[in-house]
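Undergrad: Model the placement of chain B on the given structure of chain A, informed by the hints.
Next come the chains, spelled out residue by residue.
2 protein chains.
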Amino acid sequence: MTLADAATKPHDRLREYLAEDMAAVNALIRTRMASDHAPRIPEVTQHLVEAGGKRIRPLMTLAAARLCGYDGTDHRKLAATVEFIHTATLLHDDVVDESEQRRGRPTANLLWDNKSSVLVGDYLFSRSFQLMVECGSLRVLDILANASATIAEGEVLQMTAAQNLSTGEDTYRLVVKGKTAALFEAATEVGGVVAGAPDSQVSALARYGDALGMSFQIVDDLLDFGGTSGALGKNIGDDFRERKLTLPMIKAIAKADAEERAFWQRTIEKGRQQEGDLDAALTLLRKHGALEETRVEALRYRDQAKAAIADLPPHPLRDMLADLADFVVERVS
Amino acid sequence: MTLADAATKPHDRLREYLAEDMAAVNALIRTRMASDHAPRIPEVTQHLVEAGGKRIRPLMTLAAARLCGYDGTDHRKLAATVEFIHTATLLHDDVVDESEQRRGRPTANLLWDNKSSVLVGDYLFSRSFQLMVECGSLRVLDILANASATIAEGEVLQMTAAQNLSTGEDTYRLVVKGKTAALFEAATEVGGVVAGAPDSQVSALARYGDALGMSFQIVDDLLDFGGTSGALGKNIGDDFRERKLTLPMIKAIAKADAEERAFWQRTIEKGRQQEGDLDAALTLLRKHGALEETRVEALRYRDQAKAAIADLPPHPLRDMLADLADFVVERVS
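Those protein sequences? They're chains A and B, same order as listed. For any residue, its number in the working numbering is found by taking its place in the first sequence, counting from 1, and adding 182. For any residue, its number in the working numbering is found by taking its place in the second sequence, counting from 1, and adding 182.
If we strip away everything but chain A, and leave its shape as in the complex, we get (with noise of 0.2 Å):
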């Protein structure tokens, strides 16, 4: 890595090295995203082509297939398949969680209403559904089903065991599996098949999405406490005030005596938080190096996500993609 290198973020290097891939996957979703009927589908779609996101998914398909060598195009229908499937899942989830904001802007379901988001989200994946089938292979398609099954899946669990004290660390892990890492996983791993690669080569690169995917959840989830400082700050604590068990709170809730118990029972359980009930909670996850401990577990993910492609051939994308797995722990170090 050069000096010049070690400035830029290693998702910039992958989106400048896919460039011309990228440029023709953004257009595969403008394209894609169009409906000739119903007006309503391009006014919501074309928010959330606005609303960008840092389209990582589309990226690790992309950097997959090239990697192994992969010199056709079909590999950019399966990027903006992932990230239509993504989108499509982000509607579902702000209708479920009546959030008002996504990526700093107003959510689809506050200008236009929950109908709308729950079609559109609909139409996406129809939508997704319609460009993998052209890229003809069942493998391909066995993948990506199985993927939004467990997509699915996670999210009922995770509205099930919300504000659930008894949810243990392994419900969470299929919540994150669900939520994050199941669709990094076949992200790469379709990119991997597209190309034509060994299985060792597929199976490294799926091994690498989801470790990835799970250690990139894990510290969102820690940084929503301020990381392992636990520093109060701006933009901390949603989960905290949402109610929504994360492993920091699962970790510190697993070691609770009775009095802390009884706080996070009040707080979590029964949802009657007051003043300075944030701060407390801070000090029970470092009291019980809740905290610390969720670091050591996203750098666990860091770790296998880095290992799983060491034996892929040499490539500038397999370093770039070692490199984004180091950066994903780095926002926690």
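Rather than coming from a laboratory, the hints here were simulated on the basis of the structure. As the structure is a prediction and not an experimental result, all values here were calculated from the model. Any given hint could turn out to be false.
Label pairs and their computed distance ranges (CB to CB) [claimed, not checked]:
(1) B:GLN228 <-> A:GLU441: 34 to 44 Å
(2) A:GLY378 <-> B:GLY254: 47 to 57 Å
(3) B:GLY254 <-> A:ASP352: 25 to 35 Å
(4) A:LEU320 <-> B:ALA205: 20 to 30 Å
(5) B:ALA205 <-> A:ASP420: 46 to 56 Å
(6) B:ARG423 <-> A:LEU320: 45 to 55 Å
(7) B:PRO288 <-> A:SER348: 22 to 32 Å
Calculated Cβ distances over 12 Å to all of chain A for the following chain B residues [said to hold, decoys possible]:
(8) LEU293
(9) ARG482
(10) GLU512
No residue lacks a Cβ here, since even glycine has one placed at the ideal position from N, Cα and C.
TA: Positioned in the frame of chain A, the structure of chain B alone reads:
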């Protein structure tokens, strides 16, 4: 047709003829609706299974495959697929329409919440996707992907066209295509494909399914006004009260004079309905022959459905499908 046959409804005869297949489909539906991890899923799906419904779409798939001489079992997976897509659509529709009853029972969104209906709908759709991939036919996947997109687009179109007096018959047909005919068409078409039937037969089955679906929905919309008699009675006028423009209203609005137009604007666009409005609406529908014209259109689709399968090789199932097309319009004869 024997006298005994004449006394039995065609879908009951189909169900009897296909009893073994249908039992396997019902078992498959129960098994595949389950979830290892998320307890809310079996709760909601159990409710849906108990609510039953006629399962007319899976019957279409089974009948199409068998009448083409299929002797395998993959058509059962596709029959379950089609029912899952239908059920997922109903779950999302009930959220969109804020319905409280479906098939005479409380809806899932009422018993649980909108979140459960959205997410379990997504889950069922992803399970249907897994089932169809198992059949290993890209052509089947293509048909079902296109049907899904048409369904989703039709739903959005219906939402945006609602309460809009400028909605024309073309838009209505697109909505009905998405709401009903697209899945009927796909149901019969994939039956032919899985049976390995020649293209001409597959296309005949698809045209049958499409026309049957159109006729089915138009009859439903006509019955919501009590049929051609336009008789006031129980359970009529829901579409008028919910301000959903259907074919009878669209036809009457097209012929409305200024005063009548003001009536439709007040009742449908502005939703300011009062005692006696339904009666007044029925008078306008009768005055302009809108009920009779709607009936003629349903009969025309019935004729198309029967003509489509007339040249298929003779088979008891072919005759039952033809009888089914007659039965659908019999409700308004």
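Undergrad: Could you work out which of the previously given hints the structure breaks and list their numbers from low to high?
TA: Those not satisfied are hints 2, 3.
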